[in-house]
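A.B. asks: Here's the letter readout for the chains.
Protein chains: 2
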Amino acid sequence: MYQKEKALTSEQIFDGVVVKLYRDEIELENGERAVREYIRHPGGVCVAAVDDDENIYMVEQFRYPFGKALTEVPAGKLEFGEDPEQCGRRELKEEVGAVADSFEYLGCIYPTVAYDTEIIHMFLARGLHFGEQHLDDGEFLDVKKIPLKEVYRMVMANELNDAKTQMAVLKTYLKLHGEV
Amino acid sequence: MYQKEKALTSEQIFDGVVVKLYRDEIELENGERAVREYIRHPGGVCVAAVDDDENIYMVEQFRYPFGKALTEVPAGKLEFGEDPEQCGRRELKEEVGAVADSFEYLGCIYPTVAYDTEIIHMFLARGLHFGEQHLDDGEFLDVKKIPLKEVYRMVMANELNDAKTQMAVLKTYLKLHGEV
Chain A
1 MYQKEKALTS EQIFDGVVVK LYRDEIELEN GERAVREYIR HPGGVCVAAV
51 DDDENIYMVE QFRYPFGKAL TEVPAGKLEF GEDPEQCGRR ELKEEVGAVA
101 DSFEYLGCIY PTVAYDTEII HMFLARGLHF GEQHLDDGEF LDVKKIPLKE
151 VYRMVMANEL NDAKTQMAVL KTYLKLHGEV
Chain B
181 MYQKEKALTS EQIFDGVVVK LYRDEIELEN GERAVREYIR HPGGVCVAAV
231 DDDENIYMVE QFRYPFGKAL TEVPAGKLEF GEDPEQCGRR ELKEEVGAVA
281 DSFEYLGCIY PTVAYDTEII HMFLARGLHF GEQHLDDGEF LDVKKIPLKE
331 VYRMVMANEL NDAKTQMAVL KTYLKLHGEV
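So the protein sequences, as listed, match chains A and B. Take the first sequence: its letters are residues 1 to 180, numbered as in our numbering. Take the second sequence: its letters are residues 181 to 360, numbered as in our numbering.
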């Protein structure tokens with residue numbers, strides 16, 4: 001049987017720009033004690049933006065932990081107290097320059113359950129209208145328009161590795177083409 | 181155009197049991213400098229273990245960052261230099277008590293591309309033979325046998341949130357039932 005865990009103490013180890021790291025002493029139901037190290041994260045949002053010809057808008061950007069550029073769905077971090085749909089609309093406008101008539105919730109993922117509180121909410125955006133990209137300072141990325149069917153193939157063939165992108169693409173494709 | 185980033189300095193901020201945190205100063209191609217905080221992780225493996233009646237074996241365990249128990253596919257961390265399939269077979273045996281005739285690679289996910297080097301490799305295990313569970317010290321989890329079709333429905337309905345579990349289940353279901 002799994003054991004519930006309760007905090008005895010909690011200490012912030014590092015308060016970085018992106019990473020807020022904590023170290024808690026905890027007690028299990030059986031009285032055993034242990035330490036849990038984890039990141040507290042405000043959560044994020046990603047958007048599968050699909051146009052009327054069933055192209056999806058992807059962004060390519062350098063990801064330092066992997067030392068290379070990755071192709072992902074547009075995404076961003078929630079601001080404190082921000083509504084996920086509002087965040088998704090903001091990121092879609094900033095990164096792709098698009099606004100959407102409809103925003104449908106696709107569910108969420110917990111990327112790193114063992115040591116990170118991050119939750120990423122996923123949306124499907126349709127009815128797209130395009131304007132200008134407005135990137136944040138220090139943000140550099142390329143927008144790519146790719147047929148959704150091709151991106152689905154790439155996910156199944158292990159050619160796109162970002163987790164949120166894989167899930168948002170599969171859920172979108174299954175939603176639009178009927179579930180198996 | 182995205183900008184490549186190269187390290188100027190790298191400093192270890194925290195050397196924990198699970199979390200190894202680094203802070204690097206980097207330079208972009210345009211000469212701008214910035215800081216990147218990230219976790220170095222050895223990577224992991226997860227296993228969709230499906231029996232001849234198309235049940236999948238899931239594990240339920242308490243996940244401290246979320247303050248609740250989550251239902252996931254069996255998984256574990258790679259040891260240094262370990263072959264992913266070997267790690268998957270070890271975790272399946274420890275957590276579920278099963279060995280498998282076949283182990284097929286389903287691809288990998290990068291759960292947290294912005295600030296973590298973790299890669300999770302996914303496998304489909306079939307031809308299962310059952311023995312005893314052998315958990316590590318301090319590891320508590322419950323094994324649940326659930327029809328794959330039901331777990332697929334739960335993923336689509338946003339009832340299972342762990343990212344690796346969602347991807348391993350969708351890829352397994354699409355593999356066994358024909359892609360859309």
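No lab work stands behind these hints: they were computed from the structure. Backbone N, C-alpha and C fix where the C-beta goes; we use that ideal spot for every residue, glycine too. The reader is advised that the hints may include incorrect statements.
[Stated by the list, open to error] A short, non-exhaustive set of chain A residues, derived as facing chain B with CB atoms under 7 angstroms: (1) LEU8; (2) ASP136; (3) GLU139; (4) LYS144; (5) LYS145; (6) LYS149.
[Said to hold, decoys possible] Here chain A is said to cover these stretches of chain B; the calculated rule only asks that three of the stretch's residues, wherever they fall, bring their Cβ under 8 angstroms from a Cβ of chain A: (7) 201-208; (8) 236-243; (9) 248-254; (10) 258-265; (11) 304-313; (12) 340-347.
A.B. asks: So, for every hint listed, does it hold in this structure?
C.D. replies: Results for each hint:
Look at LEU8 of chain A: its Cβ only gets to about 12 angstroms from chain B, farther than 7 angstroms, so that hint breaks. Because the smallest distance between the Cβ of ASP136 of chain A and any Cβ of chain B comes to about 12 angstroms, over 7 angstroms, the interface hint for this residue is violated. Look at GLU139 of chain A: its Cβ only gets to about 10 angstroms from chain B, farther than 7 angstroms, so that hint breaks. Interface restraint check for LYS144 of chain A: the shortest CB-CB distance to chain B comes to about 11 angstroms, outside 7 angstroms, so the restraint is violated.
Interface hint status for LYS145 of chain A: violated, as the beta-carbon distance to the closest one in chain B is roughly 16 angstroms, over 7 angstroms. Of the supplied interface hints, the one on LYS149 of chain A is violated, with its beta-carbon coming no nearer than about 10 angstroms to a beta-carbon of chain B, more than 7 angstroms. Only residues whose C-beta sits within less than 8 angstroms of a C-beta in chain A count toward coverage, and the stretch 201-208 of chain B has 5 of them, enough to reach three; the restraint holds. With a threshold of 8 angstroms between beta carbons, the proposed coverage of the stretch 236-243 of chain B by chain A holds, since 4 of its residues qualify and at least three are required.
Three residues within the 8 angstroms Cβ limit are the bar, and the stretch 248-254 of chain B against chain A gives 3, so the coverage statement holds. Remark: the stretch 258-265 of chain B is not confirmed as covered by chain A, as 0 of its residues place a Cβ nearer than 8 angstroms to a Cβ of that chain, below the required three. Check result for the stretch 304-313 of chain B against chain A: violated, 0 residues qualifying (beta carbon to beta carbon below 8 angstroms, three or more required). Chain A is given as covering the stretch 340-347 of chain B, and this holds because 6 residues of the stretch bring a CB closer than 8 angstroms to a CB of that chain, at least three being needed.
In this structure, the hints that do not hold are numbers 1, 2, 3, 4, 5, 6, 10 and 11, in rising order.
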